[in-house]
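Peer 1: So the protein lines, in turn, are chains X and V. Everything in the first sequence is counted per the working numbering, starting at 1 for the first residue and increasing by one. Everything in the second sequence is counted per the working numbering, starting at 292 for the first residue and increasing by one.
Worth double-checking, as some hints may not be accurate.
[What the hints assert, rightly or not] One side only, chain V facing chain X, incomplete, derived with CB under 7 angstroms:
1. Gly-333
2. Gly-348
3. Lys-352
4. Leu-391
5. Thr-431
6. Gln-434
7. Glu-438
[As the list claims (entries may be wrong)] With a straight-line cut-off of 25 angstroms between C-alpha atoms, the simulated SDA-like cross-links for lysine to any residue are:
8. Lys-2/X x His-389/V
9. Lys-417/V x Pro-48/X
10. Lys-2/X x Thr-365/V
11. Lys-417/V x Val-101/X
12. Lys-2/X x Ile-298/V
13. Lys-241/X x Asp-310/V
14. Lys-417/V x Lys-241/X
15. Lys-241/X x Asp-259/X
16. Lys-417/V x Arg-71/X
17. Lys-2/X x Thr-447/V
18. Lys-2/X x Ser-294/V
19. Lys-417/V x Gly-371/V
20. Lys-241/X x Gln-336/V
21. Lys-417/V x Thr-290/X
22. Lys-417/V x Lys-2/X
23. Lys-2/X x Arg-322/V
24. Lys-2/X x Met-292/V
25. Lys-2/X x Gly-449/V
26. Lys-417/V x Glu-281/X
27. Lys-417/V x Phe-192/X
28. Lys-2/X x Thr-367/V
29. Lys-2/X x His-323/V
30. Lys-417/V x Asp-191/X
31. Lys-417/V x Gly-449/V
32. Lys-417/V x Ala-220/X
33. Lys-417/V x Phe-24/X
34. Lys-2/X x Ser-293/V
35. Lys-2/X x Asp-362/V
36. Lys-2/X x Arg-445/V
37. Lys-417/V x Arg-429/V
38. Lys-241/X x Phe-192/X
39. Lys-417/V x Asp-255/X
Keep in mind the hints are simulated off the structure, nothing from the lab. Being a predicted model, the structure only gives us computed values, none of them experimental. Don't be surprised by glycine CBs; every beta carbon is placed ideally from N, CA and C.
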Amino acid sequence: MKPAPFEYVTAETTEAAVAALERFEGNARCLAGGQSLVPLLNMRLLRPAAVIDLNRLSGLDHVTVDDGRVRVGALVRYSTLETSALVAERIPLLARAVPFVGDRQIRNRGTLGGALCHADPAGEMALAAVTLGASLRAVGPDGVREVPADDFFQGPYTTALAPAEVLTEVAFLDGRGAVAAVAEHARRHGDFAIVAIAAAGLPGPGDSWRWVRIGLGGVAPRPLYAARASALLAGTRLEPKAVRAAAEACLADADPASDIRASAEYRRHLIPVFVERVLAELRERRRGGTR
Amino acid sequence: MSSRHRIRVTVNGRAYERDVQGRRLLVDFLRHDLGLYGTHVGCEQGVCGACTVLLDGQVVKSCLMLAPQADGRTLTTVEGLAGRGELHPVQEAFREAHGLQCGYCTPGFLLSAVALADRGVVLEGKSLRAELAGNLCRCTGYQNIVEAVERYLRQTVGSRRG
Ligand SMILES: Cc1cc2nc3c(=O)[nH]c(=O)nc-3n(C[C@H](O)[C@H](O)[C@H](O)COP(=O)(O)OP(=O)(O)OC[C@H]3O[C@@H](n4cnc5c(N)ncnc54)[C@H](O)[C@@H]3O)c2cc1C
Ligand code: FES
Ligand code: FES
Chain X
1 MKPAPFEYVT
11 AETTEAAVAA
21 LERFEGNARC
31 LAGGQSLVPL
41 LNMRLLRPAA
51 VIDLNRLSGL
61 DHVTVDDGRV
71 RVGALVRYST
81 LETSALVAER
91 IPLLARAVPF
101 VGDRQIRNRG
111 TLGGALCHAD
121 PAGEMALAAV
131 TLGASLRAVG
141 PDGVREVPAD
151 DFFQGPYTTA
161 LAPAEVLTEV
171 AFLDGRGAVA
181 AVAEHARRHG
191 DFAIVAIAAA
201 GLPGPGDSWR
211 WVRIGLGGVA
221 PRPLYAARAS
231 ALLAGTRLEP
241 KAVRAAAEAC
251 LADADPASDI
261 RASAEYRRHL
271 IPVFVERVLA
281 ELRERRRGGT
291 R
Chain V
292 MSSRHRIRVT
302 VNGRAYERDV
312 QGRRLLVDFL
322 RHDLGLYGTH
332 VGCEQGVCGA
342 CTVLLDGQVV
352 KSCLMLAPQA
362 DGRTLTTVEG
372 LAGRGELHPV
382 QEAFREAHGL
392 QCGYCTPGFL
402 LSAVALADRG
412 VVLEGKSLRA
422 ELAGNLCRCT
432 GYQNIVEAVE
442 RYLRQTVGSR
452 RG
């Protein structure tokens, strides 16, 4: 099908985008990479009065380091994340997660900000943001605010953004020296995950780990940071006993649903399997020096 | 109400200026406004890759872009590949390796292959298949497509390097 009629508006500044969103009183959508929005328009699952194109907006495609934080503009495309040396070094989890998304064409257009605003419960970018405790910057009619990733995702395709707010930037803690891994189960590579588990950790003395953070995707209405499992793993050598305890804690936090891709029971079966797998990969990568 | 926009695009080296509706999909603009029917429409939801074109040299699915987004940009479609009466090397490779049957998916695969060559990467097997994952074929079982692209990349990128 083809999209229903709408007004196409290009915004050259964030302020102009906010003003345009306000003008259409909640009945307009931002257009970033279009890789989720345009299918929804084509299927007429969405019929906004206006589409506000952010692609001519300058200044939201940066990757910079300052003050112990790595700031990534909302309009940075997957393909940039995939090849950025800075991302590979400072946000290794993001670099590991990107290749799981879609395919080459999708990654040439899709943006970090668009993926986060779309808030698919199985989306890899949302999973990485929650796992790493990222902070999201929103600009709206009342000014700027920072929203922790954990508060940003409220449910399937639902975020904390107000109708006239634009996501402009995502700040990650500088993860220099950290090792990261993603393990996911999908019907086909590049398809949305049935279960996706992300982990990042900082090597400590000997074989120990200073900290480990685990995130769970596709197992609840929104991506989850597994706080208890992460706490259990800090200071350990990821020995079998610690890994099993963490896997159990993850399973207890999860609240999977049955949907077209898999049953809740199957997802529960997969969670500990993939937690063990992702932690094994973390150890492997440390040993092999491939972060 | 759908808005109207005057856009200028360069397609296959030729400049066009047209009026389009805001909701006009790029693939429909190419087919119906410019008469370039080589870019195909399959799913209109970004899955099949039949509508793949090059936007400033990068592969994109033209069913997931609006025509006014292409204003000021440069596009290549399958019609831009062959020279006068001569097949493009990628087309030659597909012919030699029997890389097509009905041909519906072929324009998309050709452009994906050209973009890989432009990036200067020689891939084969599994890693090549991962790069081509955005193009689906209902006929061939992929074996000959992958072979055709391998052959083309070896020839083009290989000889460029050597
Ligand atoms: C075939 C296919 C396979 C895919 N596979 C995967 C996959 O495996 N994993 C995965 O995670 N995703 C997948 N996707 C989705 C893809 O990652 C999208 O690119 C992403 O979800 C949306 O990013 P976008 O930049 O394209 O945003 P858009 O589609 O432009 O926008 C998405 C939503 O976010 C809003 N929005 C965008 N940017 C902003 C902003 N800055 N401020 C406020 N609102 C904004 C839009 O209004 C819209 O509601 C797939 C898509 C396709 C078509
Ligand atoms: S028609 Fe564009 S991807 Fe299928
Ligand atoms: S040759 Fe028929 S779809 Fe590929």
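Peer 1: Does each hint hold? Answer for all of them.
Peer 2: Status of the hints after comparison with the structure:
1. With 7 angstroms as the threshold, the beta carbon of Gly-333/V stays out of range of chain X, its nearest partner Cβ sitting at about 12 angstroms, so the hint is violated.
2. A distance limit of 7 angstroms between C-beta atoms decides the matter here; for Gly-348/V the minimum to chain X is near 10 angstroms, and the interface restraint is violated.
3. With its C-beta approaching chain X no nearer than about 5 angstroms, Lys-352/V sits inside the 7 angstroms limit, and its interface hint holds.
4. Because the beta carbon of Leu-391/V sits about 19 angstroms from the nearest beta carbon in chain X, more than 7 angstroms, this interface hint is broken.
5. Look at Thr-431/V: its Cβ only gets to about 17 angstroms from chain X, farther than 7 angstroms, so that hint breaks.
6. This hint is violated: Gln-434/V has a C-beta 18 angstroms from the nearest C-beta of chain X, more than the 7 angstroms allowed.
7. Given hint, Glu-438/V at the interface with chain X, is violated; its Cβ is 19 angstroms from that chain's nearest Cβ, farther than 7 angstroms.
8. Of the pairs offered as hints, the one joining Lys-2/X and His-389/V is violated, with about 34 angstroms between alpha carbons and a cut-off of 25 angstroms exceeded.
9. As the CA atoms of Lys-417/V and Pro-48/X are separated by approximately 41 angstroms, the hinted pair breaks the 25 angstroms bound.
10. Between Lys-2/X and Thr-365/V the alpha-carbon distance is near 24 angstroms, which keeps this suggested pair within the 25 angstroms criterion.
11. Proximity of Lys-417/V to Val-101/X is assessed by CA-CA distance (about 17 angstroms); at most 25 angstroms being required, the pair is judged to hold.
12. The hinted pair formed by Lys-2/X and Ile-298/V meets the criterion: a straight-line CA distance of about 20 angstroms does not exceed 25 angstroms.
13. Taking the CA atoms of Lys-241/X and Asp-310/V, the gap is near 66 angstroms; set against the 25 angstroms cutoff, the hint is violated.
14. Restraint check for Lys-417/V and Lys-241/X: the C-alpha separation of about 36 angstroms exceeds 25 angstroms, so the hint is violated.
15. This hinted pair does not check out: Lys-241/X and Asp-259/X have alpha carbons roughly 33 angstroms apart, beyond 25 angstroms.
16. Annotation: proposed proximity of Lys-417/V to Arg-71/X is violated, straight-line Cα distance about 34 angstroms (limit 25 angstroms).
17. Between Lys-2/X and Thr-447/V the CA atoms are separated by roughly 38 angstroms; this puts the pair beyond 25 angstroms, and the hint is violated.
18. At roughly 15 angstroms between alpha-carbon atoms, Lys-2/X and Ser-294/V fall within 25 angstroms of each other, so this suggested pair holds.
19. Proximity of Lys-417/V to Gly-371/V is assessed by CA-CA distance (about 29 angstroms); at most 25 angstroms being required, the pair is judged violated.
20. For a cut-off of 25 angstroms, the pair hint linking Lys-241/X to Gln-336/V is broken: about 45 angstroms separates their Cα positions.
21. Proposed proximity of Lys-417/V and Thr-290/X is supported: the alpha carbons are some 20 angstroms apart, at most 25 angstroms.
22. A distance of roughly 35 angstroms separates the Cα atoms of Lys-417/V and Lys-2/X; the hinted pair therefore is violated under the 25 angstroms criterion.
23. Taking the CA atoms of Lys-2/X and Arg-322/V, the gap is near 14 angstroms; set against the 25 angstroms cutoff, the hint holds.
24. With a C-alpha separation of about 14 angstroms, the suggested pairing of Lys-2/X with Met-292/V holds against the 25 angstroms cut-off.
25. A threshold of 25 angstroms between alpha carbons decides the hint, and for Lys-2/X with Gly-449/V the separation of about 42 angstroms lies outside it, so the pair is violated.
26. Proximity of Lys-417/V to Glu-281/X is assessed by CA-CA distance (about 20 angstroms); at most 25 angstroms being required, the pair is judged to hold.
27. About 20 angstroms separates the Cα atoms of Lys-417/V and Phe-192/X, which keeps this hinted pair within 25 angstroms; it holds.
28. Proximity of Lys-2/X to Thr-367/V is assessed by CA-CA distance (about 23 angstroms); at most 25 angstroms being required, the pair is judged to hold.
29. Taken as a hint, the Lys-2/X and His-323/V pair is honoured in the structure, with Cα atoms around 14 angstroms apart against an allowance of 25 angstroms.
30. Distance hint between Lys-417/V and Asp-191/X is fulfilled; the C-alpha atoms sit about 17 angstroms from each other, no more than 25 angstroms.
31. Distance hint between Lys-417/V and Gly-449/V is fulfilled; the C-alpha atoms sit about 19 angstroms from each other, no more than 25 angstroms.
32. Note on Lys-417/V and Ala-220/X: the hinted pairing is violated, with a Cα-Cα distance of about 32 angstroms set against a maximum of 25 angstroms.
33. With a C-alpha separation of about 47 angstroms, the suggested pair Lys-417/V and Phe-24/X falls outside the 25 angstroms cut-off, and the hint is violated.
34. Annotation: proposed proximity of Lys-2/X to Ser-293/V holds, straight-line Cα distance about 12 angstroms (limit 25 angstroms).
35. Restraint check: the Cα-Cα separation between Lys-2/X and Asp-362/V comes to about 20 angstroms, which is no more than 25 angstroms; the hinted pair holds.
36. Under the criterion of a C-alpha separation no larger than 25 angstroms, the hint pairing Lys-2/X with Arg-445/V is inconsistent with the structure, at around 40 angstroms.
37. With a CA separation close to 19 angstroms, the supplied pair Lys-417/V and Arg-429/V stays within the 25 angstroms bound.
38. With a C-alpha separation of about 31 angstroms, the suggested pair Lys-241/X and Phe-192/X falls outside the 25 angstroms cut-off, and the hint is violated.
39. For the suggested pair Lys-417/V and Asp-255/X, the alpha carbons sit about 35 angstroms apart, so the restraint of at most 25 angstroms is broken.
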